[in-house]
Amino acid sequence: MKVAFFADVHANLEALQACRTHAREHGAERLAFLGDLVGYGADPDAVVDLAAAEVERGALAVRGNHDDAAVSGDSGFMHETAGKVVAWTRARLTGGQRAFLADLPLVAREGPLLLAHASPERPGEWIYVTDPRRAAHAMDAAGDASWVFCGHVHEPVLYTAGAARPVPFRPVPGIAIPVAPRRRWLAIAGSTGQPRDGNTAACYAMLDTDRATLTFLRVPYDWRAAAEKIRAAGLPESLARRLERGE
Amino acid sequence: MAARLEPGTTIDGFRIEAPLHAGGMAILYAVSGPDTGFPLLMKVPRLGHGEPVESVVSFEIEQTVLSALRGPHVPRLVAAGDLARQPYLVMEHVHGRLLKEWAERAPVPPAEVAALGGAVATALHALHLQGAIHLDLKPSNVILRPGGEAVLIDLGLAHHAHYPDLLAEELRGPIGSAPYIAPEQVMGVRWDPRSDVFALGAILYELATGRLPFGSPATRGALRQRLWRDPVPPRAVVPAVPEWLQEIVLRCLEPDARDRYPSAAQVAFDLANPEQVCVGARGRRTRRDGPLAVLRRRVRAAGFEPGEGPGPAARLAGPSVVLVALATQRPDDAQLDALREAVGRMRGAAGDLRFACVTVIRPVPQLGGAGEEDSATGQRIKHLVFLRHWAEPLGLSPGRISFHVIEAAEPADAILRYARTNQVDHIVIGAPPRDVPLRGMLGTVQSTVSPEAAPEPMQLLRLLGTVSTKVAAEAPCSVTIVRPRRSPP
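Sequence lines, in order, name chains A and B. Each residue of the first sequence is one higher than the one before, starting from 328 at the first, in my numbering. Each residue of the second sequence is one higher than the one before, starting from 3 at the first, in my numbering.
This is chain A alone, in the form it adopts within the complex (with noise of 0.2 Å):
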């Protein structure tokens, strides 16, 4: 079976829809959500609406930082941008949508498969996996899952855990890697709602879990269209800026 992974959507629904549109037309069969469905974009209400829609058809899903704020309206943590979005992501939402956010686990486990945010070491603490000895620690976590899937960090990296230290990988877009269940993978998928590599390109990572590969994805999307609704907005400049630059 085929599961694509979005991480980090970031509220952008172009990219949300271009990406689940690719990934369907290239055969995914499930969905899953790595976490910070909402935050920095404009459309935080029609990305709650689109994944709860997914989780009740099957998809998998895991809350994120973003999220946690957008429920609890606690910011304390995040930098001031991140913080002014907070207040007015939360204002978007219903009930519902809150609710819906609020009731996602923060690590979902489904056979092989091990879904986080963050590292799954202290979930709650939303570390980022950004060196390999993080990696390692996330991996010791996950205990005996053979595919780890995060996000958190926005640029797509895979780590595979051997006699040593996993060493990072820079995925080449499109190339389906064997990911043998014998070893253990961890798997950042990079940014759908706000990339940050250069690459305007959304990101998404395909698992195919019957071949036993892994493909990262960039699809191009409508970023004009999703900064233009972010100065609509009124939300912060630099937030627009960053998706037409990709960084």
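Derived from the structure by calculation, the hints contain no laboratory data.
What follows is a set of in silico ranges between Cβ atoms, one per label pair, in the way DEER data are often shown:
#1 Gly385/A - Arg419/B: 51 to 61 Å
#2 Pro508/A - Pro241/B: 52 to 62 Å
#3 Pro459/A - Met348/B: 36 to 46 Å
#4 Thr423/B - Thr457/A: 40 to 50 Å
#5 Gly282/B - Thr540/A: 41 to 51 Å
#6 Thr457/A - Arg72/B: 29 to 39 Å
#7 Gly397/B - Asp467/A: 57 to 67 Å
#8 Pro459/A - Ser480/B: 35 to 45 Å
#9 Gly385/A - His97/B: 45 to 55 Å
Fair warning: this is a prediction, and the values are worked out from it, not measured in the lab. The C-beta atom is built at its ideal place from N, Cα and C for all residues, glycine as well.
Since the structure of chain A is already known, use the hints to place chain B on it.
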């Protein structure tokens, strides 16, 4: 899964016919199976208790890399068995002779070293272009097909830019074959295609002299010596080795990868064009470096820091050869200036491109002709002088530009053949005359009158028009067609 498979056993539709070879990491069997049009072998890794751990990773790597590679320079992968159930790889059973046979009766004559080395360099370049690095190149891993084409086998230690490097992750020390492993590989670097260029240099050295440039060191400390200790120059071992060959061998064996050939294609080019090799101090060296030079390198080696690998976007095969086609028999000044300007821009854009200036002249009969000037040699020299003069304003160092006068009746075919055999990456050629841009393309010029009978302007037109369009249509690489700017009316 270390048990031998008996002939007659069938695995996933493949029937074991006979054991071929029992190596340290795997056992090979001849197998028959679904008709693929070529003979098959099955490679079964030695896994399980008491077998080397690396063989599991090597098995995974070979499967991944082989399935990603195309072309005649690696065995074609047909099927793979799952590691958990029955691990095996079924691939093309390449028939030919191992390069080891030549190595065992080395020294072999320089021309043969060049031909064999050129075949290996061409195969390496094909791998590098596809994003792979072999990293275990040695004479027992090269098969020469009856036609002379080299096939690189045993990709269990290879690196491919598209896939995570499972060996880098397992790394406990240098992995490779001691006599051929590059210095940076000794230090754990597994992303540099120039490591293969070093191994190629060690093979060339072995073929030319019958000796290994660095022996077969058994300890890590002894392996490290190649970071600073240069080998005995090949000519000091076998005086019959020409300077050009020594120049090529020692440049491949430079301890610092930046001092080696930037790509295997350039090694192939030099091996195919010995008269164009720019022989410098390396080629003329008669003994190893003195203690001071060695000490200097040793100090540098002590500070060796394995750098970060290049991103996947980096072009692994490195910079290469640009063919500049010049019509010296019918020179057109505006066209020649435009070509020089185009080459000048390319030279500025990429630092280590190499330019091969090629002209094709009509075959000159060896006998006949009134004077020295009309003789074949005289004609060749005249065109060579023309090419050199054309290139002078570019100010390229001798190692970066070469000149070739080819005698052939069909210029386009000659240029294409040259581009294929010399791994040319880019061809720069003059455009057909502006007023008849389509004539050449459509081939209409030849339709009414025989070319020889055609009036002079028609002959010229046919020559210029068809050459560039044919080259553009059939070239194995990019082609830039250069046209002089139209002068203001």
